[in-house]
Amino acid sequence: APSEGLDELKHAAAEKEKRVNGIDIDPSRVLVTNGVSEAIQFLAGALVSKGSEFLLPGPAYPPYIAYTGYFGGVPITYRTVEEDGWSPDVDDLRNKINEKTVGILVINPNNPVGAVYDHKVLKEIADIAGEHNLPLISDEIYDQLAFDKAQTPMVKAAGDVPVVGFNGVSKVYLAPGWRVGYVYFHDNDGELEPLRDAMVRQARIRICTNAPAQMATAAALRSDGSHLKGVMRKLRNRRDLIATRLNSIDSISTTIPEAAFYIMPKIELMNRWKNDTEFVLDVLNETGVVFVPGSGFCPTYGASHFRSVYLPPPEIITEAMDRLESFMEKR
Numbered sequence: 002a003p004s005e006g007l008d009e010l011k012h013a014a015a016e017k018e019k020r021v022n023g024i025d026i027d028p029s030r031v032l033v034t035n036g037v038s039e040a041i042q043f044l045a046g047a048l049v050s051k052g053s054e055f056l057l058p059g060p061a062y063p064p065y066i067a068y069t070g071y072f073g074g075v076p077i078t079y080r081t082v083e084e085d086g087w088s089p090d091v092d093d094l095r096n097k098i099n100e101k102t103v104g105i106l107v108i109n110p111n112n113p114v115g116a117v118y119d120h121k122v123l124k125e126i127a128d129i130a131g132e133h134n135l136p137l138i139s140d141e142i143y144d145q146l147a148f149d150k151a152q153t154p155m156v157k158a159a160g161d162v163p164v165v166g167f168n169g170v171s172k173v174y175l176a177p178g179w180r181v182g183y184v185y186f187h188d189n190d191g192e193l194e195p196l197r198d199a200m201v202r203q204a205r206i207r208i209c210t211n212a213p214a215q216m217a218t219a220a221a222l223r224s225d226g227s228h229l230k231g232v233m234r235k236l237r238n239r240r241d242l243i244a245t246r247l248n249s250i251d252s253i254s255t256t257i258p259e260a261a262f263y264i265m266p267k268i269e270l271m272n273r274w275k276n277d278t279e280f281v282l283d284v285l286n287e288t289g290v291v292f293v294p295g296s297g298f299c300p301t302y303g304a305s306h307f308r309s310v311y312l313p314p315p316e317i318i319t320e321a322m323d324r325l326e327s328f329m330e331k332r
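Everything in the sequence shown is counted per the numbering used here, starting at 2 for the first residue and increasing by one.
It is worth saying that the hints were derived from the structure and are not from the lab. Note that CB positions come from ideal geometry on N, CA and C, so glycine has one too. Please note: incorrect hints may appear among the correct ones.
Only pairs whose alpha carbons sit at most 20 Å apart, straight line, appear in this in silico DMTMM-like list of lysine to aspartate or glutamate [unchecked claim]:
| id | residue 1 | residue 2 |
| --- | --- | --- |
| 1 | K150 | D241 |
| 2 | K267 | D283 |
| 3 | K19 | D161 |
Label pairs and their calculated CB-CB ranges [said to hold, decoys possible]:
| id | residue 1 | residue 2 | range |
| --- | --- | --- | --- |
| 4 | P300 | G226 | 32 to 42 Å |
| 5 | T301 | G226 | 31 to 41 Å |
| 6 | K121 | D323 | 33 to 43 Å |
| 7 | N99 | A151 | 27 to 37 Å |
| 8 | E316 | A212 | 17 to 27 Å |
| 9 | D27 | K101 | 46 to 56 Å |
| 10 | E194 | G160 | 32 to 42 Å |
| 11 | S254 | T301 | 33 to 43 Å |
| 12 | G70 | R207 | 43 to 53 Å |
| 13 | D149 | I206 | 39 to 49 Å |
Given these sequences and hints, build the entire structure.
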């Protein structure tokens with residue numbers, strides 16, 4: 002298959018973005034990748050250089066942090082406010098821009114906290130990017146997994162600010178093993194062409210994304226999405242279950258996720274654990290329940306938190322929460 006992806010899939014991606022998100026994407030400017038993870042690698046390789054700074058939400062999906070550092074850049078996290086549903090602190094973002102800044106990342110809906118950003122906040126971020134002539138990178142892999150508040154595509158809020166969008170089939174279409182994602186480039190005057198060219202050059206090194214999986218992905222993107230009704234019903238029930246249980250456990254509190262299938266509770270460490278990593282390891286060793294330390298998503302804004310996935314069946318979530326509650330009662 003072509004390194005940039007099969008035309009069938011590129012057109013299907015553009016059709017899906019129009020039908021689902023109401024945005025116009027040029028199929029010829031779609032790049033197919035081995036999942037969004039490879040898109041992150043290509044982006045960092047094209048955008049980041051030694052000493053440059055890439056603005057990321059804190060907390061953020063760890064590969065953005067890792068790949069920025071891998072290519073010699075410095076990941077700079079802007080604050081998201083837990084008390085405000087983990088919404089971005091726009092003033093903090095603005096204050097962290099300098100001459101070394103090369104781009105601004107938005108993950109909406111967000112992994113790891115499950116936040117959905119308001120149009121107003123996205124517009125403010127886009128305006129800041131426009132003022133400083135910075136590209137916006139928008140990871141929207143969870144775009145159809147919002148519960149009540151509709152997700153706004155960054156393109157709709159960005160106006161004439163260039164947007165690089167990431168999406169794929171791992172989450173919404175329940176196909177993480179296919180390893181197929183896509184990148185689209187949206188601008189008015191071709192400002193993103195140098196970045197697109199640099200990402201395509203990297204794609205050519207690895208030949209192509211699996212061709213049969215690309216055809217399957219095209220079919221998935223053109224499906225009617227009828228499976229989502231049942232998916233969202235199950236996710237909502239499991240979200241409500243785990244959030245209720247977590248908030249009933251002493252020294253643990255959590256906001257209610259608005260999308261995706263992650264929850265990021267806060268743990269009062271006090272003198273019991275040095276940090277969140279020690280906490281989750283203690284829980285694992287004592288109970289066999291696996292959580293991820295929040296500091297792995299951001300040492301600053303993820304500290305004293307832990308992330309859980311609420312994909313398992315309710316009986317598994319209940320068992321995990323029973324074990325966690327018993328563990329905390331002994332501490």
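Results of checking the hints against the structure:
For the proposed pair K150 and D241, the alpha carbon gap of about 16 Å is at most 20 Å, so the pair holds. At most 20 Å may separate the alpha-carbon atoms for a hinted pair to count; K267 and D283 meet this at roughly 16 Å. The straight-line distance between the Cα atoms of K19 and D161 is roughly 18 Å, inside the 20 Å bound, and the hint therefore holds. One distance hint, 32 to 42 Å for the beta-carbon pair P300 and G226, holds here, with the actual separation near 38 Å.
Separation of T301 from G226 is about 37 Å and conforms to the stated range, judged on CB atoms against 31 to 41 Å. Separated by about 41 Å at the C-beta atoms, K121 and D323 satisfy the suggested range of 33 to 43 Å. In this structure the hint that N99 and A151 lie 27 to 37 Å apart at CB holds, the actual value being about 34 Å. Between E316 and A212 the C-beta distance comes to about 40 Å, which lies outside the given range of 17 to 27 Å.
For D27 and K101, the Cβ-Cβ distance of about 31 Å falls outside the hinted range of 46 to 56 Å, so the restraint is violated. About 19 Å separates the C-beta atoms of E194 and G160, a value inconsistent with the hinted range of 32 to 42 Å. For the pair S254 and T301, the supplied restraint of 33 to 43 Å is violated, since their beta-carbon distance comes to about 19 Å. Our hint of 43 to 53 Å for G70 and R207 is violated, since their Cβ atoms are close to 21 Å apart.
The given range of 39 to 49 Å is respected by D149 and I206, whose C-beta atoms sit roughly 43 Å from each other.
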